[in-house]
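Asks: Residue numbers (our numbering), protein chains in the order written: chain A, 1 to 287; chain B, 288 to 564.
Hints were generated in silico from the structure; no laboratory data involved. No experiment lies behind these values; they were computed from the predicted model shown. All C-beta atoms in this analysis are idealised placements derived from N, C-alpha and C, irrespective of residue type, glycine included. One or more of the hints may lead you astray.
Stated by the list, open to error - Subject to a maximum C-alpha distance of 30 Å in a straight line, what follows is the list of computed DSS-like cross-link-like pairs (lysine-lysine):
1. Lys332/B to Lys343/B
2. Lys185/A to Lys102/A
3. Lys343/B to Lys179/A
4. Lys195/A to Lys179/A
5. Lys521/B to Lys332/B
6. Lys343/B to Lys136/A
7. Lys97/A to Lys195/A
8. Lys521/B to Lys136/A
9. Lys136/A to Lys332/B
10. Lys102/A to Lys179/A
11. Lys195/A to Lys102/A
12. Lys59/A to Lys195/A
What the hints assert, rightly or not - Which chain B residues stay away from chain A? Per the calculated CB distances, all over 12 Å, these:
13. Gly339
14. Gly346
15. Leu348
16. Thr353
17. Phe363
18. Leu480
19. Gly508
Stated by the list, open to error - Facing chain A, a subset of chain B residues (Cβ under 7 Å, in silico):
20. Leu316
21. Glu387
22. Pro513
23. Val524
24. Val527
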Amino acid sequence: MRGQKSGWSLGLAGLLAPVTLWLGLFFLVPLLLILAYSFGTSGVYGGITLGFNPSNYLKVFDPLYLEIVVRTFVIAAINTLICLLLGYPLAYFIAFKGGRWKTILILMVMVPFWTSFLIRAYAWVVILNGNGVANKTLQFLGITDGPVNLIFTPGAVTLGMAYAYLPFMILPLYAALEKFDPRLKEAAQDLGASKWHTFWRITFPLSMPGVIAGSILVFIPSAGEFVIPNLLGGSRTVLIGNLVQQQFLQARDWAFGSALAMMLAALLLAAILFYVRHVGTDKLEGV
Amino acid sequence: MAAGSAPKGMCRISDRMLLLVAGLIYLFLYAPIAIVIFFSFNSAKSTQNFAGFSTKWYGELLRDQTILDAFYNSLFVGVAATAIATVIGTLTALALSRNEFRGKTFADSGIYAATVMPEIVVGVSLLVFFVAAGVGLGITTIVIAHVAFTISFVTIVVRARLSGMDRSIEEAAQDLGANPVQTFLRVTLPLILPGVMAGALLAFTLSFDDFVITFFVSGVGSSTLPLKIYSMLKFGVTPVINALSTVVVLVTLVIILGASRFLGRDEAREVRRATEE
């Protein structure tokens, strides 16, 4: 309370010093470092010369890489849409029909959310592989005669991603719907609106902050995903994430890899600015 | 009244549809994990046909020294990262929840940016940073990285707890002559302890399960459980991986249920609200 104007005091500085040091040194500085590297030039033997070389960013327009970039955004967009279509009914159900089970129902969404990401992707390897549960079921139902190739396809990658990111969509949707005053719905219906009409004119627009937050939380990490395409995809489903991994671990073209990573970070920044503009707060659902 | 009963009947049908859809989505969320757990008890080497109940793959886990080493590494990293992140995160929450100061928006944005930044970006930037700084990759770099990405989560959870706290109790302690340190240790800390515990448990889960960031900052011989599972997968799907996955899922489950006990109903809502608004 002493430094009235800026609000700073010795105690406050002490409380904030550790986080500033840790996130400054191990979050911000590394990001600035790859920003600098993204404008550098990779040497033949893996070294890097700093400078101002925009060619790493222009490389993205090389047809070879452009195909990967476009594919990544298409898959991430489809995944976001699937998560929205699956997540909305469940969030709606918990918020309006959950009653006294609400807490347990939302906890049941959070448990997969916190369960190891790798294992949840691996589960689909077990299900989709050659003679896995999926093929057994298809044959049992008489849809297919023999085992069909399900794994290592774009469809498998999309399915694995929808599974992995669905809780990221449900939680902010639920948070938005839970705040909703049910009297608004009653009012609309008293005034003669049909259920369908009430949903599209009242409920859905009011849940937009959740829809936008959920879409960002699904789209951004899907665009940077590399584990799911590694496990469930083949050579035809290489995504930006795989490309970044290759540049850093195999090709050792760190300048290009940094440029790709910066693009993903820029995408996040754009999404946050979009959220702030349309929802009007500067915070995103993080848990 | 006839007009009133028709929509009610429709309402019931749509309610049942919604219940069915919700049930199917829960099935979608849980069935894949259940299948992995189910096949971990298969006596045959197959992950396709269930031959009979057996726990022999769990025995196999205990006999594989590389798996045990990875488990100890995961445990060490989890405990060390959680301890550091919980202290720093709690201090940060205290600073942010009770002070208005210039640069607060920047501090807030930094905290949230760290939770939503794609993991691959955090991973490669730390890799580049450690290599540039000449730090050898290993357990230490994994701990540093895990602290960096869990601090924000601890901050968010503890802050939610603090926002629901009555400050007049602290003022009373100070009026009665307690100094700031005494007030914190005897009054504030006991009151926010459930939030701190919940934050610590969530930090441990995040660390224990992390694959992407660890993948980039680990060195030779510093494998954690997720890294071990990933490298085993390269040689194909085996019941041993199912057993190991089951162990990891159960550890996570126990911790999350523990955290949800600490994080009472009100705090859970508070966390969601604090992170949403």
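Asks: So, for every hint listed, does it hold in this structure?
Replies: Hint-by-hint comparison with the structure:
1. As the CA atoms of Lys332/B and Lys343/B are separated by approximately 10 Å, the hinted pair is consistent with the 30 Å bound.
2. A C-alpha spacing of about 20 Å is found between Lys185/A and Lys102/A, which places the hinted pair at or below 30 Å, so the restraint holds.
3. Between the alpha carbons of Lys343/B and Lys179/A the distance comes to roughly 50 Å, so the proposed pair goes past 30 Å and is violated.
4. At roughly 19 Å between alpha-carbon atoms, Lys195/A and Lys179/A fall within 30 Å of each other, so this suggested pair holds.
5. Taking the CA atoms of Lys521/B and Lys332/B, the gap is near 17 Å; set against the 30 Å cutoff, the hint holds.
6. Between Lys343/B and Lys136/A the CA atoms are separated by roughly 25 Å; this keeps the pair inside 30 Å, and the hint holds.
7. The straight-line distance between the Cα atoms of Lys97/A and Lys195/A is roughly 15 Å, inside the 30 Å bound, and the hint therefore holds.
8. Between Lys521/B and Lys136/A the CA atoms are separated by roughly 24 Å; this keeps the pair inside 30 Å, and the hint holds.
9. Between Lys136/A and Lys332/B, the direct Cα distance comes to roughly 17 Å. Compliance with the 30 Å bound is thereby established for this hinted pair.
10. Proposed proximity of Lys102/A and Lys179/A is supported: the alpha carbons are some 13 Å apart, at most 30 Å.
11. Among the hinted pairs, Lys195/A with Lys102/A is consistent with the structure: their alpha-carbon atoms are about 23 Å apart, no more than 30 Å.
12. Pair hint Lys59/A plus Lys195/A does not hold up; C-alpha atoms about 51 Å apart against a cutoff of 30 Å.
13. At roughly 18 Å, the least C-beta separation between Gly339/B and chain A is larger than 12 Å, which holds for a residue marked as non-interface.
14. Its beta-carbon lying about 20 Å from the closest one in chain A, Gly346/B satisfies the requirement of being farther than 12 Å from that chain.
15. Remark: the non-interface label on Leu348/B is consistent with the geometry, its nearest Cβ contact in chain A lying 15 Å away (cut-off 12 Å).
16. The claim that Thr353/B is not at the interface with chain A holds, since no C-beta of that chain comes within 12 Å of its own (minimum 17 Å).
17. Listed as a non-interface residue, Phe363/B keeps its Cβ farther than 12 Å from every Cβ of chain A; the least gap is roughly 18 Å.
18. The Cβ of Leu480/B sits about 18 Å from the closest Cβ of chain A, beyond the 12 Å cut-off, so the non-interface label holds.
19. Under the 12 Å C-beta cut-off, the non-interface status given to Gly508/B relative to chain A holds; the minimum distance is some 17 Å.
20. Because the closest C-beta pair between Leu316/B and chain A is about 5 Å apart, less than 7 Å, the hint holds.
21. Contact between Glu387/B and chain A, as hinted, is supported at the beta carbon level, the nearest pair being about 5 Å apart and thus within 7 Å.
22. With 7 Å as the threshold, the beta carbon of Pro513/B comes within range of chain A, its nearest partner Cβ sitting at about 5 Å, so the hint holds.
23. The beta carbon of Val524/B comes within 6 Å of a beta carbon in chain A, closer than 7 Å, and the hint placing it at the interface holds.
24. Violation of the interface hint for Val527/B is found here, the shortest Cβ-Cβ separation to chain A being roughly 12 Å, above the 7 Å cut-off.
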